[in-house]
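Participant: If you count by UniProt numbering, then the sequence shown holds residues 1 to 337, one letter each, in order.
Since the hints were derived computationally from the structure, they do not count as laboratory data. Take the hints with a grain of salt, since some may be wrong.
No farther apart than 25 Å at their CA atoms in a straight line, the calculated lysine-lysine pairs in the DSS-like style are these [claimed, not checked]: (1) 29 <-> 42; (2) 50 <-> 29; (3) 178 <-> 218; (4) 181 <-> 292; (5) 29 <-> 64; (6) 42 <-> 71; (7) 23 <-> 71; (8) 292 <-> 178; (9) 181 <-> 218; (10) 50 <-> 71; (11) 308 <-> 292.
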Amino acid sequence: MESFVPKGQITGPILPSFVLREKLSAGAKLLYSILCYHAFDKDHCWPSHKTLAQETGYCVSSIKNWLRELKHARLLAIRRTAYSSSTYVLLRPRTEATSRGAGATPSPSKREPNFGYPQPKFGYRKESKVNLEIYPPLPPKDCATPPCAIHARRKRGGGDFISANSIFERLWAVYPRKEAKESARAVWHRLWRCRALPALAELLASLERFRTSRQWLKEHGRFVPFLVNWLRGQRWLEDAPEAGSATTPEREQEVRHCVERLEERHRPDPAIEAARPRFEAFLSCFADGQRKRGPAWGLWSLLHSQGKAPHEEDVDTSMGILDFLTQWRSRLIGQAA
1 MESFVPKGQI TGPILPSFVL REKLSAGAKL LYSILCYHAF DKDHCWPSHK
51 TLAQETGYCV SSIKNWLREL KHARLLAIRR TAYSSSTYVL LRPRTEATSR
101 GAGATPSPSK REPNFGYPQP KFGYRKESKV NLEIYPPLPP KDCATPPCAI
151 HARRKRGGGD FISANSIFER LWAVYPRKEA KESARAVWHR LWRCRALPAL
201 AELLASLERF RTSRQWLKEH GRFVPFLVNW LRGQRWLEDA PEAGSATTPE
251 REQEVRHCVE RLEERHRPDP AIEAARPRFE AFLSCFADGQ RKRGPAWGLW
301 SLLHSQGKAP HEEDVDTSMG ILDFLTQWRS RLIGQAA
């Protein structure tokens with residue numbers, strides 16, 4: 001078997017050593033090395049999600065998650081542009097900047113390649129002693145977490161659900177298409193549990209960009225996606241479609257009337273919404289209630305509009321929620337016959 005000497009025979013992305021010390025997933029580190037390869041002699045690059053997915057061999061959804069992870073670690077800044085892809089700016093890590101400021105500035109011939117302008121064979125050093133002089137061992141980090149913080153982080157109960165539900169209602173109130181609410185709520189809570197949702201302000205800002213786009217305004221909002229699809233695809237991470245041309249006051253008024261008509265068309269029935277607390281109490285009696293919230297709400301609200309919806313005290317806990325509602329409705333039809 002022939003042996004292999006890596007030096008001088010490796011081409012392609014190289015992972016910087018300081019990224020190995022970061023608490024990142026393996027996928028995020030791989031993506032960072034590919035972004036460095038694309039940037040090369042610049043501090044930024046603009047590959048599309050599809051290109052990054054093809055180069056890593058993973059799906060676009062994984063690419064979005066790793067980009068968000070690098071952004072939270074402050075190794076990457078994402079600039080939204082008017083073009084089809086975003087611009088990714090490589091940032092110097094805080095620990096790297098601190099170690100540079102603490103020691104003497106190395107001579108230009110021996111200086112580590114500037115993070116903002118990576119050089120070929122980025123991250124490779126011949127002598128480890130030089131690295132120790134420029135980058136002394138980092139002091140141990142105090143990872144102790146107050147017991148109260150641990151308790152607060154591990155505690156997930158009714159209060160957390162209520163908080164997530166409240167934020168969802170605020171997003172739903174401003175979303176222009178009022179359809180498939182329960183399906184959107186289920187996706188929202190799944191993303192909430194995975195901690196994959198940004199702050200509400202970021203969601204609202206992204207939504208505002210989409211609301212003024214030409215695609216969403218076309219044919220009185222016919223092409224506005226359901227909120228469930230917008231959340232499931234994590235569309236807030238994407239660039240908004242091309243905005244319309246410069247608007248005149250008449251055009252702005254037309255757009256405003258279009259949005260108002262769309263919201264009026266899909267506005268929920270206040271009487272049905274007022275009965276939601278009763279439905280929530282009914283739903284909590286079933287083990288599979290949260291998983292089947294959407295279809296259960298549709299069937300229960302239909303029975304409620306007929307004045308025949310079951311109450312909390314009518315529940316048979318030995319059955320699933322959909323089986324119970326189907327049997328309840330069949331019993332009512334039999335009694336009417």
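Participant: Indicate, hint by hint, whether the structure satisfies it.
Facilitator: So, going through the hints one by one against the coordinates:
no. : hint        : in the structure
1   : 29 <-> 42   : 19 Å, holds
2   : 50 <-> 29   : 18 Å, holds
3   : 178 <-> 218 : 17 Å, holds
4   : 181 <-> 292 : 13 Å, holds
5   : 29 <-> 64   : 13 Å, holds
6   : 42 <-> 71   : 18 Å, holds
7   : 23 <-> 71   : 13 Å, holds
8   : 292 <-> 178 : 20 Å, holds
9   : 181 <-> 218 : 23 Å, holds
10  : 50 <-> 71   : 19 Å, holds
11  : 308 <-> 292 : 20 Å, holds
Violated hints are absent here; each numbered hint is respected by the structure.
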